[in-house]
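Trainee: Per the working numbering, the very first residue in the sequence shown carries number 2; after that it's consecutive.
No lab work stands behind these hints: they were computed from the structure.
Computed from a prediction, not measured in an experiment: that's the story for all the values here.
Misleading hints may appear alongside valid ones.
No more than 25 Å apart at the CA atoms, straight line, and that leaves these computed lysine to aspartate or glutamate pairs for DMTMM-like [what the hints assert, rightly or not]: (1) Lys191 <-> Asp295; (2) Lys12 <-> Asp40; (3) Lys91 <-> Asp40; (4) Lys171 <-> Glu115; (5) Lys91 <-> Asp30; (6) Lys191 <-> Glu266; (7) Lys191 <-> Glu172; (8) Lys91 <-> Asp31; (9) Lys12 <-> Glu83; (10) Lys191 <-> Glu310; (11) Lys91 <-> Glu115.
Cβ-Cβ distance ranges computed for the label pairs, FRET-style [to be verified]: (12) Gly143 <-> Leu361: 28 to 34 Å; (13) Ala347 <-> Gly54: 44 to 50 Å; (14) Arg369 <-> Ala87: 52 to 58 Å; (15) Gly143 <-> Ala271: 36 to 42 Å; (16) His337 <-> Ala271: 17 to 23 Å; (17) Asn151 <-> Gly54: 26 to 32 Å; (18) Pro145 <-> Ala368: 42 to 48 Å; (19) Ala308 <-> Thr163: 51 to 57 Å; (20) Gln344 <-> Pro168: 24 to 30 Å.
Think of the CB as a built atom: it goes at the ideal place given N, C-alpha and C, for glycine as much as any other residue.
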Amino acid sequence: SDVLAVQLLLKEAGLNRAMRIAPLFETQDDLHNAAGVIDQLLSLSDYRKSLAGPQEVMIGYSDSAKDAGTTAAAWSQYRAQEELVAVCAKQGVELILFHGRGGTVGRGGGPAHEAILSQPPGSVAGRFRTTEQGEVIRFKYGLPQVAAQNLNLYLASVLEATLLPPPTPKEAWRAVMERLAADGLAAYRKTVREDPQFVAYFRQATPEQELGRLPLGSRPARRRSGGIESLRAIPWIFAWTQTRMMLPAWLGWETALQNAIARQEESVLAEMRDQWPFFRARIDMLEMVLLKADSGIARLYDERLVADELRGFGEQLYQHLSQAVEQVLHLTGEAHLLERHPQVRASISVRDTYLDPLHLLQVELLARSREQGDAICPAIEQALLVTVAGIAAGLRNTG
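Given these sequences and hints, build the entire structure.
Mentor: This is the structure:
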């Protein structure tokens, strides 16, 4: 009915020219129902008559990861695309998938080549539409030569994915991925939704409250009412990035991988990582995020900003982070994260030299601004904004 309402609006406005209407599927439940909705829609004769060429469908990455964690969200997005390809093939309609990605791993971000090649077979049929947001635009397209290089990379990746599509995942891989997604979802929601200390800790340990007052972004940090679920995906990830916890990008994976290894599925995981671009891309992005995470920096925020009764909860999160690193290293068989990519490790290490002082300044500025309450000194507010921008620039994919 949402799509038909748009169609009615176009008719009432006198726009009789056929236009593509692209529904967005983003939450966990929406992704599970996407194929059924599109199948029903394409079965309506009046809608088919007004369809302007291909059916476009937007896959959302931000709210699905915030709702279910990246483990479950990534698998739901993959399955939804597979099912949409099958439905449109059955209906005889060309499908265009529009990927609503952000700059962070928690919002579907990552290297374009790996992202495109990790899509399900048949989902990239000579076309690929995606969003580029925030600081990513400047990094990728700020200079003509860099812009041309990135556009050529997209072109080459789409051609490769079309002409040499990735393999269809084996049933054994699917079964393992289903269990990983279920375990990751349960672990993520146990912490984020079910633990009564989470919201209080999040608001004290991160600059989430201050982000709403700073001139950042194009939309309010929060929707009109509600708790964590009302917080928009960008400030949700941005706040955790500022403290170097990077929690939305990895929480759930530590339990999912540990359980899989305990079930003696290690050989299947190794095969998936070696032969399945989708799973390999997930693990590569997880490694990158964990390398940027720094529990030592995050503890500085806890020591200065978090009430004593919530410190224990923070320690639990640090244990989860350490567990995530341990499980990934166990899976890759390497001594250090991204050991096979020394240039990436070196780049992050160099940036840490400049980031660490900014974190120290931000912790102190947050403490002082909270002591002042609503009557915050403009100089402190401006200095806080500088640290936020500096940390975001240093970590890069932050929004």
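Trainee: For each hint, tell me whether it holds in the structure or not.
Mentor: Now for the hints, and whether the structure bears them out:
1. For the hint pairing Lys191 with Asp295, the CA-to-CA distance comes to about 23 Å; that is within 25 Å, so the pair holds.
2. With a C-alpha separation of about 23 Å, the suggested pair Lys12 and Asp40 falls inside the 25 Å cut-off, and the hint holds.
3. For the hint pairing Lys91 with Asp40, the CA-to-CA distance comes to about 9 Å; that is within 25 Å, so the pair holds.
4. This hinted pair checks out: Lys171 and Glu115 have alpha carbons roughly 20 Å apart, not beyond 25 Å.
5. For the hint linking Lys91 to Asp30, the alpha-carbon distance of about 23 Å falls within 25 Å, and the restraint holds.
6. A threshold of 25 Å between alpha carbons decides the hint, and for Lys191 with Glu266 the separation of about 24 Å falls inside it, so the pair holds.
7. Using a Cα cut-off of 25 Å, the hinted pair Lys191 and Glu172 is violated, with the two alpha carbons roughly 29 Å apart.
8. This hinted pair checks out: Lys91 and Asp31 have alpha carbons roughly 21 Å apart, not beyond 25 Å.
9. A distance of roughly 32 Å separates the Cα atoms of Lys12 and Glu83; the hinted pair therefore is violated under the 25 Å criterion.
10. At roughly 19 Å between alpha-carbon atoms, Lys191 and Glu310 fall within 25 Å of each other, so this suggested pair holds.
11. Annotation: proposed proximity of Lys91 to Glu115 is violated, straight-line Cα distance about 29 Å (limit 25 Å).
12. Take Gly143 and Leu361: their Cβ atoms lie about 29 Å apart, and the range 28 to 34 Å holds.
13. With their beta carbons about 47 Å apart, Ala347 and Gly54 fall inside the hinted range of 44 to 50 Å.
14. In this structure the hint that Arg369 and Ala87 lie 52 to 58 Å apart at CB holds, the actual value being about 57 Å.
15. Between Gly143 and Ala271, the C-beta spacing of about 39 Å keeps the proposed range 36 to 42 Å intact.
16. At roughly 19 Å, the beta-carbon separation of His337 and Ala271 lies within the given 17 to 23 Å, and the hint holds.
17. Hint check: Asn151 to Gly54, Cβ distance near 27 Å, so the stated range 26 to 32 Å holds.
18. Taking the beta carbon of each, Pro145 and Ala368 are about 44 Å apart, inside 42 to 48 Å as hinted.
19. Here the CB-CB span from Ala308 to Thr163 is close to 55 Å, well matched to the stated 51 to 57 Å.
20. For the hinted restraint 24 to 30 Å between Gln344 and Pro168, the CB-CB distance of approximately 29 Å keeps it satisfied.
Hints 7, 9, 11, counting from the list given before, are not met by this structure.
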